[in-house]
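Undergrad: Sequence:
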Amino acid sequence: MPLPLIYHEDYSPDFPPDHRFPMDKFRLLRDHLIDTGLTTDAQLFRPQVCPTDILALAHDPGYISRYMEGALSREDQRRLGLPWTEDLARRTVRAVGGSLLTAELALQHGLACHLAGGTHHAHFDYPAGFCIFNDLAIISQYLLQSGRVDRVLIFDCDVHQGDGTARILEHTDDAITVSLHCEKNFPARKAQSDWDIPLPMGMGDDDYLKVVDDTLNYLLPLYQPDLVLYDAGVDVHKDDALGYLQLTDAGVARRDEAVMRHCLGRDIPVMGVIGGGYSKDREALARRHGILHHSAQRVWMERGL
Numbered sequence: 001m002p003l004p005l006i007y008h009e010d011y012s013p014d015f016p017p018d019h020r021f022p023m024d025k026f027r028l029l030r031d032h033l034i035d036t037g038l039t040t041d042a043q044l045f046r047p048q049v050c051p052t053d054i055l056a057l058a059h060d061p062g063y064i065s066r067y068m069e070g071a072l073s074r075e076d077q078r079r080l081g082l083p084w085t086e087d088l089a090r091r092t093v094r095a096v097g098g099s100l101l102t103a104e105l106a107l108q109h110g111l112a113c114h115l116a117g118g119t120h121h122a123h124f125d126y127p128a129g130f131c132i133f134n135d136l137a138i139i140s141q142y143l144l145q146s147g148r149v150d151r152v153l154i155f156d157c158d159v160h161q162g163d164g165t166a167r168i169l170e171h172t173d174d175a176i177t178v179s180l181h182c183e184k185n186f187p188a189r190k191a192q193s194d195w196d197i198p199l200p201m202g203m204g205d206d207d208y209l210k211v212v213d214d215t216l217n218y219l220l221p222l223y224q225p226d227l228v229l230y231d232a233g234v235d236v237h238k239d240d241a242l243g244y245l246q247l248t249d250a251g252v253a254r255r256d257e258a259v260m261r262h263c264l265g266r267d268i269p270v271m272g273v274i275g276g277g278y279s280k281d282r283e284a285l286a287r288r289h290g291i292l293h294h295s296a297q298r299v300w301m302e303r304g305l
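By UniProt numbering, the letter at position 64 of the sequence shown is numbered 64, and the numbering carries on one by one without gaps.
In case anyone wonders, no lab produced these hints; they're calculated from the structure.
Careful, some of the hints might be misleading.
Label pairs and their in silico Cβ distance ranges [stated by the list, open to error]:
id, residue 1, residue 2, range
1, 41, 150, 31 to 39 Å
2, 19, 189, 21 to 29 Å
3, 40, 19, 25 to 33 Å
4, 214, 109, 26 to 34 Å
5, 83, 147, 21 to 29 Å
6, 83, 249, 28 to 36 Å
7, 284, 83, 35 to 43 Å
8, 241, 198, 41 to 49 Å
9, 41, 198, 34 to 42 Å
10, 41, 87, 19 to 27 Å
11, 147, 206, 38 to 46 Å
12, 241, 147, 21 to 29 Å
For lysine-lysine, the following BS3-like pairs were computed, each having C-alpha atoms within a straight-line distance of at most 27 Å [as the list claims (entries may be wrong)]:
id, residue 1, residue 2
13, 184, 238
14, 280, 238
15, 280, 210
16, 210, 184
17, 238, 190
18, 190, 210
19, 238, 210
By construction, the Cβ of each residue, glycine as well, lies at the ideal position given by its N, Cα and C atoms.
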């Protein structure tokens with residue numbers, strides 16, 4: 001069967017074109033993957049919205065209601081940095097549903113990739129950094145509490161620390177949080193992941209890939225997770241507007257392939273979410289995010305999944 005890819009038309013609602021968050025990148029990513037022949041529209045899996053009771057496994061019910069009703073405080077709106085609309089609220093819960101479906105398909109087939117996801121700055125009862133509900137934490141709690149898995153490992157390679165994920169899952173022993181991030185970048189006040197790996201500004205491909213290999217060679221045998229949640233943020237790229245690392249396209253592809261090969265080589269299913277990526281050139285950004293899916297396709301084919 002084809003590599004499972006998950007997308008929905010709700011992902012890119014109408015949005016101010018000059019806004020710093022590139023809301024149209026999800027639609028452009030879908031177009032790029034179809035234009036390059038990686039998939040067809042008919043092959044894409046369309047998710048349902050995430051039910052409120054599943055959101056509440058990782059978030060305060062009062063906060064969920066405030067956001068969905070457009071009643072966030074001014075301070076929370078400032079932390080979030082996104083204007084509220086009904087379309088954005090629907091997009092938000094649809095995208096969490098997409099990450100849940102990606103996890104389910106990864107458990108079934110060994111590998112699956114979302115065309116969105118990775119909202120790792122969302123906290124238990126407030127948003128932050130363009131993130132409203134934390135799909136990585138929600139997936140972890142849902143799969144653990146339903147007995148689908150005994151242990152998950154979140155391997156977060158976004159350039160920014162996954163602070164919301166770390167705080168929400170701080171007392172969940174069977175959800176292992178790992179964050180490789182630029183040490184001098186948002187958020188200014190870091191949380192404490194199970195494993196924080198701060199990277200110096202300006203780090204390039206080879207040094208970065210060595211950290212990835214060394215980390216996974218140590219942590220995967222140590223924890224033996226039943227699923228890896230991989231946040232493949234491309235804000236590590238040298239041309240990213242909010243980055244400070246110096247990875248090239250080839251370096252990002254090497255990273256993505258390495259993560260998937262490390263996991264699948266140990267018979268550990270892995271799901272990919274796209275994480276952060278910021279550029280005024282939205283077409284280039286979509287191509288950059290597509291590196292994850294093209295890398296996954298190469299690994300999928302070579303392993304005969």
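Undergrad: Now tell me, hint by hint, if it's right for this structure.
TA: Hints and how they fare:
Between residue 41 and residue 150 the Cβ separation comes to about 37 Å, which falls inside the hinted range of 31 to 39 Å. Here the CB-CB span from residue 19 to residue 189 is close to 25 Å, well matched to the stated 21 to 29 Å. In this structure the supplied range 25 to 33 Å holds for residue 40 paired with residue 19, their Cβ-Cβ distance being about 30 Å. Between residue 214 and residue 109 the beta carbons are some 28 Å apart, a value that agrees with the proposed interval 26 to 34 Å.
Roughly 39 Å separates the CB atoms of residue 83 and residue 147, a value that falls outside the hinted 21 to 29 Å. Judged by the Cβ atoms, the range 28 to 36 Å given for residue 83 and residue 249 holds: they are separated by roughly 32 Å. For residue 284 paired with residue 83, a C-beta distance near 25 Å fails the hint of 35 to 43 Å. Here the CB-CB span from residue 241 to residue 198 is close to 21 Å, at odds with the stated 41 to 49 Å.
For residue 41 and residue 198, the hinted distance range of 34 to 42 Å is satisfied, since their beta carbons lie about 41 Å from each other. Restraint check, residue 41 to residue 87: a C-beta distance of roughly 21 Å satisfies the suggested window 19 to 27 Å. Between residue 147 and residue 206 the beta carbons are some 42 Å apart, a value that agrees with the proposed interval 38 to 46 Å. Remark: the range hint 21 to 29 Å for residue 241 to residue 147 is contradicted by a beta-carbon distance near 42 Å.
A hinted pair counts as satisfied when its Cα atoms are at most 27 Å apart, and residue 184 with residue 238 qualifies at roughly 15 Å. With a C-alpha separation of about 14 Å, the suggested pair residue 280 and residue 238 falls inside the 27 Å cut-off, and the hint holds. A hinted pair counts as satisfied when its Cα atoms are at most 27 Å apart, and residue 280 with residue 210 does not qualify at roughly 30 Å. About 20 Å separates the Cα atoms of residue 210 and residue 184, which keeps this hinted pair within 27 Å; it holds.
Proposed proximity of residue 238 and residue 190 is supported: the alpha carbons are some 23 Å apart, at most 27 Å. The suggested pairing of residue 190 with residue 210 holds, with an alpha-carbon distance near 24 Å, which does not exceed 27 Å. Between residue 238 and residue 210 the CA atoms are separated by roughly 18 Å; this keeps the pair inside 27 Å, and the hint holds.
Against the hints set out earlier in the document, violations occur for numbers 5, 7, 8, 12 and 15.
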